[in-house]
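A.B. asks: Listed in order, the protein sequences are those of chains H and F.
Position 99 of the first sequence, counted from 1, bears residue number 98 in numbering that gives the first Met the number 0, the numbering being contiguous throughout.
Position 245 of the second sequence, counted from 1, bears residue number 244 in numbering that gives the first Met the number 0, the numbering being contiguous throughout.
Honestly, the hints are just simulated from the structure, not real lab data.
It is possible that part of the hints are untrue.
[As the list claims (entries may be wrong)] Derived DSSO-like pairs: lysine-lysine, alpha-carbon spacing no greater than 27 angstroms straight-line:
hint : chain 1 : residue 1 : chain 2 : residue 2
1    : F       : Lys4      : F       : Lys23
2    : H       : Lys156    : H       : Lys96
3    : H       : Lys253    : F       : Lys96
4    : H       : Lys156    : H       : Lys167
5    : H       : Lys96     : F       : Lys23
6    : H       : Lys23     : H       : Lys167
Number of protein chains: 2
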Amino acid sequence: MSKEKCRIGVVAPASRMSLEVAEKVQALAASLYPDRPPEIFFHPQCFASHGHFAGDDETRARAFLDIANDDNTDAVWFARGGYGSCRMIEAALRGLKEPSRRKTYLGYSDSGTLLAALYRAGFEAVAHGPMVQDILRDGGEVAIGRALAWMVDRAPKTLEPTVNGLNKTAAFNITVLSQLLGTPLQPDLDGHVLMLEEVSEAMYRIDRSLFHITSNPGIRRVAGIKLGRCSDITANQPNFAMNEEEVARTWCDKSGIPWLGRADIGHDASNKIVPFGSGV
Amino acid sequence: MSKEKCRIGVVAPASRMSLEVAEKVQALAASLYPDRPPEIFFHPQCFASHGHFAGDDETRARAFLDIANDDNTDAVWFARGGYGSCRMIEAALRGLKEPSRRKTYLGYSDSGTLLAALYRAGFEAVAHGPMVQDILRDGGEVAIGRALAWMVDRAPKTLEPTVNGLNKTAAFNITVLSQLLGTPLQPDLDGHVLMLEEVSEAMYRIDRSLFHITSNPGIRRVAGIKLGRCSDITANQPNFAMNEEEVARTWCDKSGIPWLGRADIGHDASNKIVPFGSGV
């Protein structure tokens, strides 16, 4: 994709973002690519507000389709997570047209619902990685630089270190994947290295979600599980007496899914890119 | 079951309970049935402790089987919820013997995992209703009295008011049912009136779980959904702008599942009995 100018469209399928965040990311992109700045278009919907969401379900679906179906856009970049993609996904899928298949899609957390659905629908350039809102994190410029380097140049250094284009891969937030299991959005992950991360959940919830994930017959056909970072784990009452790695190993052991160690992903600025499939 | 003496075995498949709770429930049972007090046996495992749980996974499974397979016990009463049934369910199912099929099983919340698995395995007297620990609630004696009246006499007044023995019914905690979908434990609820309740979850989580539940092809074949009480809802940031009934109606509407109104169940002393199937 090292063409003259990469055109990136930003949409917010879940929670809203601020104008300030958009300005910061625009400025950073201009400074990182002085000769060929990517063109970043923030759909006005990103700044809309409707209760919990960046606009109502219909508004968010339409904005997503505006960008996804636009012939002059190369990449769809999700603004942020929060919650809400599952409320617009059905309308979003219904409206997809041919140009949507030729694009890159990048996001994580709640956006995993969209990544799953698009990957299941055969889209070839779907990836788990930093979103616009990550600029607000400690070291957030690095995360944004990584996302841009992926979208603009497919820079290999942006990839999770074990992604090699030989093994199929996929990555999800643990809770978000759990909430897709047994629905028509559940992706086929046969033979994939499945990387999982979590944020702001108590250990008993992580344990329960991993029971759920590893008990699913489709998930049992993955090549193995790699655990990303589980950050900001909320208090467990009483103490759970196991950490997230012990929990993940337990469920791999019980389910017969190979435990493949840790993954360099998470709700933080170090969150590396994981393309879905073998599409490096 | 109005025989001379009902023998009830209590086991704790998730979190532990205290001796004090056991004593209170014994005393209440003696005062409610002065002429034919039910015999309540608290398995010592109820008071065991292992991290988050009432004993480790193997201990909890073995205790459950001690009671379920005992020929001299009429009812298996779950001590309380919390979290942990999904960690012992596989071993529990593996060890079930013939006498286990002739018993009543009563519980809710985390115990929904056991209710689902037993119902799926064809057990005929599985019911959603108060547990031993409910004695600690405001008005908890009423809940315990209701549970005993169900186990001892199958008293019709204990039933959720719309349970009539004509329509098949089932009841679950929303999160617990969500975490069973797409696993071999998911029960066949075709044609059932499905009653759902929740406690201590933020509205966005209730919304997400109802997306999950109503998107499942098996659940779409229920006769309809009735919403029990959603209590102690934790703060949503920002305000979700919909209450639990609006959320449930939205997902019924999107999925085509009939909305059947409210159900008289919940994490409180008024929690009525809902037998699984048409087994009144």
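A.B. asks: Look at each hint and say if it fits the structure.
C.D. replies: Taking the hints in turn, this is what the structure says about them:
1. F:Lys4 / F:Lys23: holds, 20 angstroms
2. H:Lys156 / H:Lys96: violated, 32 angstroms
3. H:Lys253 / F:Lys96: Holds, at roughly 23 angstroms.
4. H:Lys156 / H:Lys167: holds, 18 angstroms
5. H:Lys96 / F:Lys23: violated, 65 angstroms
6. H:Lys23 / H:Lys167: With a Cα-Cα distance of about 34 angstroms, the restraint between H:Lys23 and H:Lys167 is violated, given a limit of 27 angstroms.
Going down the numbered hints, you'll see the structure goes against 2, 5 and 6, while the others check out.
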